[in-house]
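S.K.: Now for the letters of each chain:
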Amino acid sequence: MPPLSSERAARRVLWREAVVRDVVVETPRARTLALDVPDWPGHRAGQHLDVRLTAEDGYQAERSYSIASAPELDRVELTIELVDDGEVSPYFVEVVEPGDVFEVRGPVGGHFTWSADSGPEPLLLIAGGSGLVPLMAMVRHRAARASTVPTTLLVSARSPEDLLYADELVDAPALSIARTYTRTQPPGWTGFARRVNHDMLRAVAPAPDSGARVFVCGPTPFVELVTGLLVDLGFPPRTIHAERFGPTGGTS
Amino acid sequence: MPPVSRGFLGRRRPDVDPARLPPGQYFTPDFPVLSAGPTPHVPLAEWSLTIDGAVDAAVTWSWEELLALPAEELTVDIHCVTKWSKFDTTWKGVSLDTLLEGVETEADYVTAWADGDYTTNLPLEDLLDGKAWIAYEYGGEPLDPEHGGPARLLVPHLYFWKSAKWIRRLTLTGDDVPGFWEAAGYNNYGDPWREQRYWND
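Chains A and B, in that order, give the protein sequences. This note's numbering puts the first residue of the first sequence at 1, with every later residue one more than the last. This note's numbering puts the first residue of the second sequence at 1001, with every later residue one more than the last.
Chain B on its own, in the form it takes in the complex (with noise of 0.2 Å):
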């Protein structure tokens, strides 16, 4: 049993629906911003992504092919491994499916790379499926630099330092590599229901 803390009553809010809360976290209506470095400031004439790696062939976008793609708009919940979650955000982008589709590879995992020398790793059936996008809206408006526009990963159904922001390369991988938080001891995987922090958990 944990031990009580004195005089601690903490705060129940009747108007979160606790079933939507993984464990350890706590709403905030916020968006709090996490990154390691400065934000960078790429202009959208030399934006580009790309996709390589283990494939065939590389795929690369520039920012109007980006935007030219069918686009979806969704309304998720997001999880950030410093424990706040916040509720029905709403994006736009392409999902990973369209970008993925005629892709031939192999790979079992890839490495997100960002501007800033960023890197996550996930693996590739993670973004498969309708559950991965390249969003470059966020609440009706272009994403903002801080929240990582022009365009990010979103992958909301893992701890939100997996949608890495400033998005520019996807590299598919046989191995699966640990990115920047996961070799300083975060999780490799990250599912916030099973509450994956930390290495080992």
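Isolated chain A (complex conformation) (with noise of 0.2 Å):
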């Protein structure tokens, strides 16, 4: 075994008790669970956590979620889309009721978190459907901080209706919002309406040489798109953050 800081040694990540404190419906396949997780250590915005549900025969599931809430905010949010064939995800979904009761352990994750105090360089946040829930934590993160750091989100979603935190996404300063709509797009729509290409992304980013953190979030298949992108537009690719969910489709 390796030293071990004398703070990190203390680091056990610890199972606590989590009490479902607030439900949103955020789309008809999607809900915000708001909740209450006494002693919660804390979190970095991108940073996920483990469930562990347990039937009454004490039977377990565990997963893994993305924290949607932002570090400030005093309970912890996850944003939950249901997965067809699912078997966690129907039970929040579907079923969850303030005051229900779970466990969660966490947070997880080091290197998909991006920080107000990580310095001036701008910021691009590339969702593609549920994969927004980590990079909005990021966006009420900057929000919390006041932060000024140039920040561009682009956002893909296939309708109107399936786009998560619709009301909260709003130009703000220094803060450049994107939305295509990949499949049904709104009466009178101009905007982009196809899946994320070159041509979006020199309209949307800062340029490739800006130093941006570029964080990428979304099924399989959408973030390999966009990462390759990015790498041929010249984003360095160390500078690129990416999280992926979901099978790859062909591969099983």
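Misleading hints may appear alongside valid ones.
Lysine to any residue pairs mimicking SDA-like chemistry, simulated, CA-CA at most 25 Å apart [to be verified]:
1. B:K1083 - A:L14
2. B:K1086 - B:T1173
3. B:K1086 - A:E62
4. B:K1086 - A:P219
5. B:K1083 - A:Q60
6. B:K1083 - A:L175
7. B:K1131 - B:T1173
8. B:K1131 - B:D1097
9. B:K1083 - A:V170
10. B:K1086 - A:A55
11. B:K1083 - A:S89
12. B:K1086 - A:Q60
13. B:K1083 - A:D36
14. B:K1086 - A:Y59
None of these hints come from the bench; they were simulated from the model.
Hints given; two lone chains; assemble the complex.
M.R.: Here you go:
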């Protein structure tokens, strides 16, 4: 074993009981759960946590979910989208009510994180579907800290009905938000209506040599596509942070 | 006792042998992808694999030289720290026993280096005696780039982040140096059967 600093040695990640304080319907397929987690150690924007559900007969199921809330909030929020044929997400999206209890463990993850103290470099956030969740934690953290870091958020959603946090996605000083609706657009829509491509990134993103920190989160094919486009455009690969979820499709 | 989550029934899969699932894992027929950055694409003509560090002489194989080594086919279960497990995955690759044959070292640890600046650390003994491979085929096909192709380390008895994608270099060391995820709070060893996900698990 390597020598452990006392801080690291103390950092055992514990299971804690979380009580559902509030449930918010975000879209027909997604809900936000606001949790009270006693002794929550705090998190950084972009981190996730593990959840553990226990059935009456003792059967347990665990999953990992991104944290949606800013570290500054006094509760922990998860936004969970229904996975077709899933075991755990239907419980969170269709069953859970305020007062219900389950366990959480975290926060987890140190790579896909951004802090208002990270530096003045621009921030480029690109979300596919529910990949918006950890990026929203960054946007909310940025707002809570009144950060002026130039920030661009590009969100790809299938339709307006699928867009998470729609009311909260408004431009602010040094914050530019772009949407693309890949399948269904609102009436009169003149914005992007296709998958992310080179032209879209050229139109919305800071220059590849701007030193921007880039975070891309979404389904695996989306992240593979977007990170490839960013590398094509000249963004240094080591500045591109990626978080993928779901299957690749074809390999099983 | 953990609290009962009201209304949670769970879905036990009669087709999944619970004895094959390490604690906290769930079965998936899919093959999810977890990587910290863009998928690198290195032309095979520029690809090489090197064993260096605390060795008498560093060894390097080109792509053709790796393919010319005796290969093994294996079927293993894999376990990702993000909680999915996949059963009966089939691979073809070169055993680390073959690659380390004739390498003289007193090192106890290995840092695996991959394209994309990824590293992970393992005890050397976990790479020996038929426990680890450099794999270049999955399911009878060349390994997809997003799953680590052209070649990845395959150490199925540890959580799958130890099976570094896009492997390029194994550096043998006297000291144990935490790698990319290990330095970010993940477990230094990562035994799924002892559920060593995070530091001090």
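S.K.: Hints first: check each against the structure and report whether it holds.
M.R.: Hint check results:
1. For the proposed pair K1083 (chain B) and L14 (chain A), the alpha carbon gap of about 17 Å is at most 25 Å, so the pair holds.
2. Restraint check for K1086 (chain B) and T1173 (chain B): the C-alpha separation of about 32 Å exceeds 25 Å, so the hint is violated.
3. A hinted pair counts as satisfied when its Cα atoms are at most 25 Å apart, and K1086 (chain B) with E62 (chain A) qualifies at roughly 15 Å.
4. With a C-alpha separation of about 19 Å, the suggested pairing of K1086 (chain B) with P219 (chain A) holds against the 25 Å cut-off.
5. Taking the CA atoms of K1083 (chain B) and Q60 (chain A), the gap is near 13 Å; set against the 25 Å cutoff, the hint holds.
6. Distance check on the hinted pair: K1083 (chain B) and L175 (chain A) sit about 35 Å apart at the alpha-carbon level, beyond 25 Å; violated.
7. Using a Cα cut-off of 25 Å, the hinted pair K1131 (chain B) and T1173 (chain B) holds, with the two alpha carbons roughly 19 Å apart.
8. Of the pairs offered as hints, the one joining K1131 (chain B) and D1097 (chain B) holds, with about 9 Å between alpha carbons and a cut-off of 25 Å not exceeded.
9. For the hint pairing K1083 (chain B) with V170 (chain A), the CA-to-CA distance comes to about 35 Å; that exceeds 25 Å, so the pair is violated.
10. Our distance criterion of 25 Å between C-alpha atoms is met by K1086 (chain B) and A55 (chain A), whose separation comes to about 24 Å.
11. For the proposed pair K1083 (chain B) and S89 (chain A), the alpha carbon gap of about 15 Å is at most 25 Å, so the pair holds.
12. A threshold of 25 Å between alpha carbons decides the hint, and for K1086 (chain B) with Q60 (chain A) the separation of about 18 Å falls inside it, so the pair holds.
13. Under the criterion of a C-alpha separation no larger than 25 Å, the hint pairing K1083 (chain B) with D36 (chain A) is consistent with the structure, at around 24 Å.
14. Restraint check for K1086 (chain B) and Y59 (chain A): the C-alpha separation of about 20 Å stays at or below 25 Å, so the hint holds.
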